[in-house]
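So the chains spell out like this:
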Amino acid sequence: MTVIDAQGLVKRYRTGGQTLYALAGIDFALEPGEFVSIMGPSGSGKTTLLNILGLLDTPTEGTVLLEGQDVTGLGDSKRTSLRKQTIGFVFQHFYLLPTLTAVENVEVPLLLDSDPGVTKRARTLLERLGLGERLDHKPDELSGGQKQRVAIARSLINSPKVVLADEPTGNLDSETGRQILDEFRRIADEDDVAIVAVTHDDLVNEYVDRTVHLVDGTIGRERKNGG
Amino acid sequence: MAGRFFPAALMARRNLTRTKMRSLLASLGIVIGVVAIASLGMFGVALQYSFTQNLGDVGNQLTVYPNSGENVTELTERDIRAIRREASATATVSPVMTRVEPVSYNRGDPVRETIYGVENPAELYEAQEGRVSPFRTGALVGSSVADEHDLHPGSQITVNGTNVRVQAVLEEGEPFSSTNPDNRVIMSTNSFSQRGYSEVYVIESTGTAANETAMGIRESLNEREERVFVQELGSIVDTIEQQFQIINTVLAGIASISLLVAGISILNVMLMSTVERREEIGVLRAVGYQKRDVLKVMLMEATLLGVLGGIAGVVLSIGAGLAINHYAVGDAMAVFRLPNAWYVGAAFTFGVLTSIVSGLYPAWKAASEEPVDALRG
Ligand SMILES: Nc1ncnc2c1ncn2[C@@H]1O[C@H](COP(=O)(O)OP(=O)(O)OP(=O)(O)O)[C@@H](O)[C@H]1O
Ligand SMILES: [Mg+2]
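For the protein sequence lines, the chains are A and B, in the order given. Take the first sequence: its position 140, counting from 1, is numbered 140 in full-length UniProt numbering, and each next residue is one higher. Take the second sequence: its position 178, counting from 1, is numbered 178 in full-length UniProt numbering, and each next residue is one higher.
Careful: at least some of the hints might be erroneous.
Below, computed lysine-lysine pairings styled on DSS-like, alpha-carbon distance capped at 27 Å [as the list claims (entries may be wrong)]:
1) 291/B <-> 161/A
2) 138/A <-> 84/A
3) 291/B <-> 78/A
A short list of chain A residues far from chain B (calculated; beta carbon distances all over 10 Å) [what the hints assert, rightly or not]:
4) 31
5) 104
6) 154
7) 178
8) 210
Simulated from the structure, these hints should not be mistaken for laboratory data. The C-beta atom is built at its ideal place from N, Cα and C for all residues, glycine as well.
Given these sequences and hints, build the entire structure.
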C-alpha cells in the first residue's frame with residue numbers, strides 16, 4: 001500500500017502584503033521500500049515539502065494520506081503521535097543533543113516510554129552503522145560522518161515506515177557519503193522503509209529509485225533510475 | 001508515574017551539568033531563600049521558647065480578687081463556697097487573707113510587711129528547708145526573704161511585737177505566678193482576726209479547665225454586680241503567644257522576598273536555556289515528544305534546581321538553627337523541636353515551589369514553539 005499519498009499540496013506564506021508560494025500544487029506518492037531523492041535550487045520548497053510529508057507542517061491546501069488515512073486536518077497532538085510511530089527524521093545539521101552519549105541520543109525518541117529493550121536496540125543499530133566503538137561518546141567527540149550515522153540510527157529507532165532526510169550527505173566527504181547511502185539502500189531493500197532524501201549531491205542519484213526535481217514550488221522533470 | 005519521570009530527569013540533569021556555574025548560581029538563590037526563611041522562623045521559635053521557659057507553667061492558674069471598684073473589699077465564706085462549686089473536683093482552691101503588720105527580722109527595726117494567711121499551704125508550696133505541714137503557729141518564708149535576712153527553720157522573726165518561729169523556707173515559685181511565695185511571709189489563718197479573704201487561688205489540671213472555671217465564677221458571682229475580678233494567666237500567655245506568632249509570620253514574610261529574587265534568577269536561567277536550546281527542543285518535538293513531554297523535561301530541570309538548592313538550604317538551616325538555639329535557649333539540641341521542623345519543611349517546600357513556578361513560563365514557551373520554526377535554523 002502507498003505509504004504517503006499527497007495531492008495538490010500548496011503552501012502559501014504571506015509576508016508584508018506579498019504572497020509567496022513555497023509549494024504551488026504538488027502531487028507526491030511514496031511506496032514502501034522506495035528510495036527517492038528531491039533536488040532543486042535553494043528556496044524551491046524542498047524542506048517545506050519534507051516537513052509537510054513528515055507531519056511537522058500542514059499544507060495551506062491539498063491533502064496528505066498516511067497509509068491511507070487522511071492526516072491533513074489533524075491537531076498537533078495527533079500529528080506528534082503519528083510522527084513518533086511512523087516517521088524518522090534525519091536533519092541537515094544532525095541536531096544531536098550535546099549532553100547525551102551516542103546511545104542515549106539514539107534512544108531519545110523513545111526515552112520517555114521507559115521501554116527496557118530500547119537501549120539494546122540502540123546499540124544494535126549503532127553497531128550496524130559501524131559505530132560499535134563509539135557508543136558512549138558525546139557528539140563533540142564524534143566526527144561529522146559519525147554524528148550523521150548517530151542521527152540515522154535515531155531516525156530508525158522507532159522502526160518507521162518513512163525516513164525523511166534533509167541533505168544527509170551535505171557535509172560529508174564522498175567516502176563517508178557512500179557508506180551512508182549504502183545504509184539507506186539496505187534499509188529500503190531489507191526493511192521495506194520508504195526513504196526521501198533532499199540533496200544537492202549527484203552522488204545520491206546513483207542510489208535512488210527516482211529523483212524529483214522541484215522548481216519554484218512545482219515538480220519539474222522526473223527521472224527514473226534503472227527502472 | 002515515577003518511572004516515567006526518570007528519563008526526563010536524566011535529560012534534565014545532563015542539561016544542568018552542561019552549564020554548571022549557571023545552575024549553581026541559580027540554585028544558590030534558592031539556598032539563600034530557604035536558609036533565610038528557616039532560620040528567621042527558628043529564631044522566632046527560640047525567642048518564644050525562651051519566653052515560655054521563663055514564664056513557666058501558669059496556664060492552669062486563676063486568681064479571684066474582690067472588685068474594690070464596686071466597694072467589695074473582701075471575699076466571704078459564701079464566695080469561697082461558690083468558687084469551690086464552680087471549680088472541678090480535682091482543683092485546688094486556696095483562699096488567702098492578708099494584713100499589713102510591722103515585722104522585724106533579727107531584732108532589727110520593724111518594717112511594714114504584708115502577712116499572707118493561708119489555711120493549708122501544703123497544697124500550694126513545698127519546703128526548701130524545714131517542713132510545711134502541720135501548720136498552726138509558725139511562719140513560712142519565701143526564698144528571697146530568707147536569703148535577704150539569713151533565715152532558716154528555727155530563726156525568730158517579730159510580727160507586731162510577738163515572736164514567731166520560722167518553720168520552713170519555701171521552694172522558689174514560678175516568676176509570673178500570683179502564688180509565687182518568694183517575697184512573702186505566710187502565717188496560719190488562725191492568727192488573723194478578720195474573717196474575709198483578699199484573694200483566692202484556683203489551680204486546675206489544664207488550661208482549658210481553668211478557662212471554664214473562670215467563666216463559671218464570673219457567671220455565678222458577678223450575676224447582679226461585678227463582685228469579683230478573675231485573673232487568668234493562661235489567657236495572658238495566649239495573647240503573648242499570638243504576638244509571637246505574628247512576629248514569626250512577619251519575619252518569614254520578609255525572608256520570602258529573598259525567595260522571590262531566587263525565583264526571578266531561575267526564570268532568567270531557564271529562559272536563556274530555552275533560547276539556547278531552541279533547536280534541540282524542536283528536534284524533540286519532531287521525533288514525537290508531545291508539548292507536555294517538553295514541559296515535563298523543562299519543569300524537571302526547574303524542580304532539580306529547586307530540590308538541590310532546597311537540600312543545601314535545609315542542611316545550612318539546621319546548622320544555623322543549632323547556633324541560634326545554642327545562644328537563645330542555651331541548648332543547641334532544641335533545634336530538633338517540632339515547630340522548627342515545620343519552618344524548615346515549609347522553607348524547603350517554598351524553595352522547590354518557587355523554582356517550579358519560575359520554570360513554568362520558560363517551559364511553556366519552549367513547549368509551545370512550533371518545531372518547523374525552531375528547526376529552520
Ligand atoms: N515561515 C516562513 N515564512 C515565510 N516564508 C517562508 C517560511 N518558510 C519558508 N519560506 C519560504 O518558502 C520558500 C521555500 O523554502 P524551503 O525552506 O522549502 O526551501 P528549500 O528548497 O529547502 O531551500 P534550501 O535548499 O535553501 O534549503 C523559500 O522562499 C522560503 O523563503
Ligand atoms: Mg531546505
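We went through each hint and held it up to the structure:
{"no.": "1", "hint": "291/B <-> 161/A", "in the structure": "23 Å, holds"}
{"no.": "2", "hint": "138/A <-> 84/A", "in the structure": "24 Å, holds"}
{"no.": "3", "hint": "291/B <-> 78/A", "in the structure": "11 Å, holds"}
{"no.": "4", "hint": "31", "in the structure": "24 Å, holds"}
{"no.": "5", "hint": "104", "in the structure": "8 Å, violated"}
{"no.": "6", "hint": "154", "in the structure": "7 Å, violated"}
{"no.": "7", "hint": "178", "in the structure": "26 Å, holds"}
{"no.": "8", "hint": "210", "in the structure": "26 Å, holds"}
Taken one by one, the earlier hints fail for this structure at numbers 5, 6, listed in ascending order.
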